[in-house]
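Chemist: For reference, the chains in residue letters:
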Amino acid sequence: MNAPTLPTPGTPLPETLFSVPGMRCAGCIAKLESGLAAVPGVAAARVNFTAKRVTVTHAALSDAALAGAFAGLGFEAVPLADVMAADDGSESRELLRAVAVAGFAAMNVMLLSVSVWAGAAGPTRDMFHWLSAMIALPAIAYAGRPFFRSAWRAVRAGRTNMDVPITIGVGLATALSLYETITGGAHAYFDSAVMLLFFLLTGRWLDAVMRDRARDGVTALLRHTAPGALVRQGDGGTAWVKAADLRVGMVMIVAAGERLAADGEVIAGRSHCDQSLLTGESLPVQVLPGDRALAGSINIDAPLTVRITAAGAATGIADIARLMESAGQSRSRYVRIADRAARLYAPAVHGLALMSLIGWLAAGAGWHQSLLIAAAVLIITCPCALGLAVPAAQIVAAGALMRGGVLVKDGSALERLAEADAVVFDKTGTLTLGRPQPLDLAALAMADKSLALALAEHSRHPLSMALRRALTAEAVVPAPVSDVAEVAGMGVSGVWQGQKVALARPAADAADGLACVLTVGDAPPRLLRFADPLRPDAAATVARLSAMGLPASILSGDRAAAVVPVADVLGLPARAGLSPQDKLAAIGEMTMAGARVLMVGDGLNDGPALAAGHVAMAPATASDASQNAADAVFLGDSLAPVAIAVGVARATARIVRQNFAAAIAYNVVAVPLAIAGQVTPLVAAVAMSGSSILVVANALRLRSAAR
Amino acid sequence: MNGLMILIPVALALGLAGLAVFFWTLRHGQYDDLDGAAVRILIDDDTPLGGDDAG
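Chains as they are written, first to last, in the UniProt record's numbering: chain Y, 1 to 707; chain C, 1 to 55.
Rather than coming from a laboratory, the hints here were simulated on the basis of the structure.
From the three backbone atoms N, C-alpha and C, an ideal C-beta is built for every residue, glycine too.
Keep in mind that the hints are not guaranteed to be accurate.
In silico EDC-like cross-links for lysine to aspartate or glutamate, where the CA-CA straight-line distance does not exceed 20 Å [stated by the list, open to error]: (1) Y:K31 <-> C:D44; (2) Y:K449 <-> Y:E474; (3) Y:K31 <-> C:D33; (4) Y:K449 <-> Y:E486; (5) Y:K500 <-> Y:E457; (6) Y:K242 <-> Y:E15; (7) Y:K500 <-> Y:D483; (8) Y:K31 <-> C:D35; (9) Y:K31 <-> Y:E94.
Between beta-carbon pairs, the in silico distance windows are [said to hold, decoys possible]: (10) C:R40 <-> Y:R292: 46 to 56 Å; (11) C:Y31 <-> Y:Q369: 20 to 30 Å; (12) C:W24 <-> Y:M548: 44 to 54 Å; (13) Y:M592 <-> C:A20: 52 to 62 Å; (14) C:A20 <-> Y:A118: 24 to 34 Å; (15) Y:A661 <-> C:I41: 38 to 48 Å; (16) Y:T305 <-> C:Y31: 45 to 55 Å; (17) Y:G366 <-> C:A17: 38 to 48 Å.
One-sided excerpt, in silico: chain Y residues whose CB lies under 7 Å from chain C [stated by the list, open to error]: (18) A30; (19) A44; (20) T50; (21) F104; (22) N108; (23) A141; (24) Y142; (25) N628.
Next up, chain Y with everything else stripped away, as it sits in the complex:
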């Protein structure tokens, strides 16, 4: 189809990113890298195992051809939008640099401090303090920036957050230590200040990595929506036009298997369009000249010529996107646990420090000692353990879920998932696999099977592809069929041992659901029926969720006839034939009634509902917009990850609560000591690291939570 064209020398080869969730081991890496490099037109392939991505450098091969190469190696690959690669994890990198600097400074200052605590006195102690200052000051200036910036922003906006006490504590400790050093005093707090930054930055970094990873995972699964279309030019030729440059009135030629880039009216060609992503309708819809064809749907059978009636922001897809955006705004107002804690914590800490300052001044302790004690209070209460409590637990949980096949977008997703108390499923592609599978294969003779395979191999119709998948899995060998021809929208025919054989559309296809007919010579035609099977574990998952206190229901855009059997099998209440607006309204009603809805869906038509739910999950086969709207994406055919994710989210919430309890218990013990003026730098250092390590160790218990 797309022959590799050699680019002019000197221009960089195009790179395409693929998400390959199926890679599991070193063997897969070797197989992918060497196997892809051997494909003609591919210059190199590099696997990123952590993100489960492959970067392919190639000579302008089409995505479909590359995905075919992956399939040839036995991997399912999804091409992903190339927008994301650029700003990969810049925030987490900056934080990691700050962690490294703070860690370096903490280690070296601690070496010097230990010598001081061990009894270095006089000029040696002063020299060590000076050295500590020389190391700590630039390190604090560099590593503290994330906190200083955020604290400054908060103060300027008249608010306070967790970063304000951190900034004041670090600043006060540094200033006092500098004063002590200059005047040759006995105690300097440089080590505490630097270590504080180190632990807090570690927490921040974990949080950022978690978000990056999830973003990697989710964007990694983004599908290319139609990037553009072939447009007929005035001179009769055709040119490739990017989706953004398509205009009303242009005439585009849509090949079979291609996704439409704009809404339009068919002016030539007969075909079927798969609109399941847009409407939830699982049967392909027939389109004839004069019919409307929608952007985002896939043209299945035959080439279509379409005059564009709406492009870009005017398409039906864009309407859904806008609906989704406004529905998602309520969720962005969700306040994360850590922020809620900070709201209470910061004023309390400031108050305590101020009170100890005033108290000691009133008791006649003098400015220097009072300030020293206030700084000790700020340092010891600084939310080291608190800063680690949430991100440490969440990143361990997210890692466990990732190994279990669930990609979580951010920490608040886990928090909201733990709060969910009702679940709503879409049908096509969510409860069911969204890809037809043949039902009558067992009744078919071996010769018929090999004929069917031989014919199916020549078509890209979804039913043909389903037939091919099923028959190849049974190791059927295709029969030698000659003169194979595909008639658009009708089927494939050929000649085998002098007889005419055909795989065709049955006479009345809409009534029978998904089916095709195999005819061999004059023998009576055999009807092959197809069904969209339930995901494995669907019933078990629904039962498990309801045992966890999440009653389920179905909201589907498909016809009632297709929804009722599924609802009956699973024993769930269902509503069928809903538009995206209807689904949005249904979720809104449940939310008004006080439910916190976990929405699970895959279609573009589920997008607004996904965005409106308290929390949302989508399968990896979902449309890109749905994956964007979802908080978590699950891989594989099984529905079980939904229940597992809820379980892990709840376990995480439990661990976070324990961590908060530990951090508070630590403060209850440490703060009175600090207020009483009993906290030396040694005590502060030990207490701080001890509580942080305890919190991280507790979070590590979530490692196997997804099993």
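Starting from the known structure of chain Y, fit chain C onto it as the hints suggest.
Modeler: Below, chain C alone, put in the same frame as chain Y:
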């Protein structure tokens, strides 16, 4: 005391060198695929030197 005059700068210099190396590795993306690095060691890569056929 004299020992310290040498050893402390040496210790700091070593630490700074480590930090510099860390920054260098970070900038060159050596932490982008930690899981992959852990399993890549298991790949048999026994193509003869100079051979350009990896498949």
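Chemist: Now look at each hint and say whether the structure bears it out.
Modeler: Now for the hints, and whether the structure bears them out:
no.: 1; hint: Y:K31 <-> C:D44; result: holds (11 Å)
no.: 2; hint: Y:K449 <-> Y:E474; result: holds (10 Å)
no.: 3; hint: Y:K31 <-> C:D33; result: holds (18 Å)
no.: 4; hint: Y:K449 <-> Y:E486; result: holds (19 Å)
no.: 5; hint: Y:K500 <-> Y:E457; result: holds (17 Å)
no.: 6; hint: Y:K242 <-> Y:E15; result: holds (18 Å)
no.: 7; hint: Y:K500 <-> Y:D483; result: holds (10 Å)
no.: 8; hint: Y:K31 <-> C:D35; result: holds (17 Å)
no.: 9; hint: Y:K31 <-> Y:E94; result: violated (34 Å)
no.: 10; hint: C:R40 <-> Y:R292: 46 to 56 Å; result: holds (51 Å)
no.: 11; hint: C:Y31 <-> Y:Q369: 20 to 30 Å; result: violated (45 Å)
no.: 12; hint: C:W24 <-> Y:M548: 44 to 54 Å; result: holds (49 Å)
no.: 13; hint: Y:M592 <-> C:A20: 52 to 62 Å; result: holds (58 Å)
no.: 14; hint: C:A20 <-> Y:A118: 24 to 34 Å; result: holds (30 Å)
no.: 15; hint: Y:A661 <-> C:I41: 38 to 48 Å; result: holds (42 Å)
no.: 16; hint: Y:T305 <-> C:Y31: 45 to 55 Å; result: holds (51 Å)
no.: 17; hint: Y:G366 <-> C:A17: 38 to 48 Å; result: holds (44 Å)
no.: 18; hint: A30; result: holds (4 Å)
no.: 19; hint: A44; result: violated (10 Å)
no.: 20; hint: T50; result: holds (5 Å)
no.: 21; hint: F104; result: holds (5 Å)
no.: 22; hint: N108; result: holds (6 Å)
no.: 23; hint: A141; result: violated (15 Å)
no.: 24; hint: Y142; result: violated (11 Å)
no.: 25; hint: N628; result: violated (23 Å)
Hints 9, 11, 19, 23, 24 and 25, counting from the list given before, are not met by this structure.
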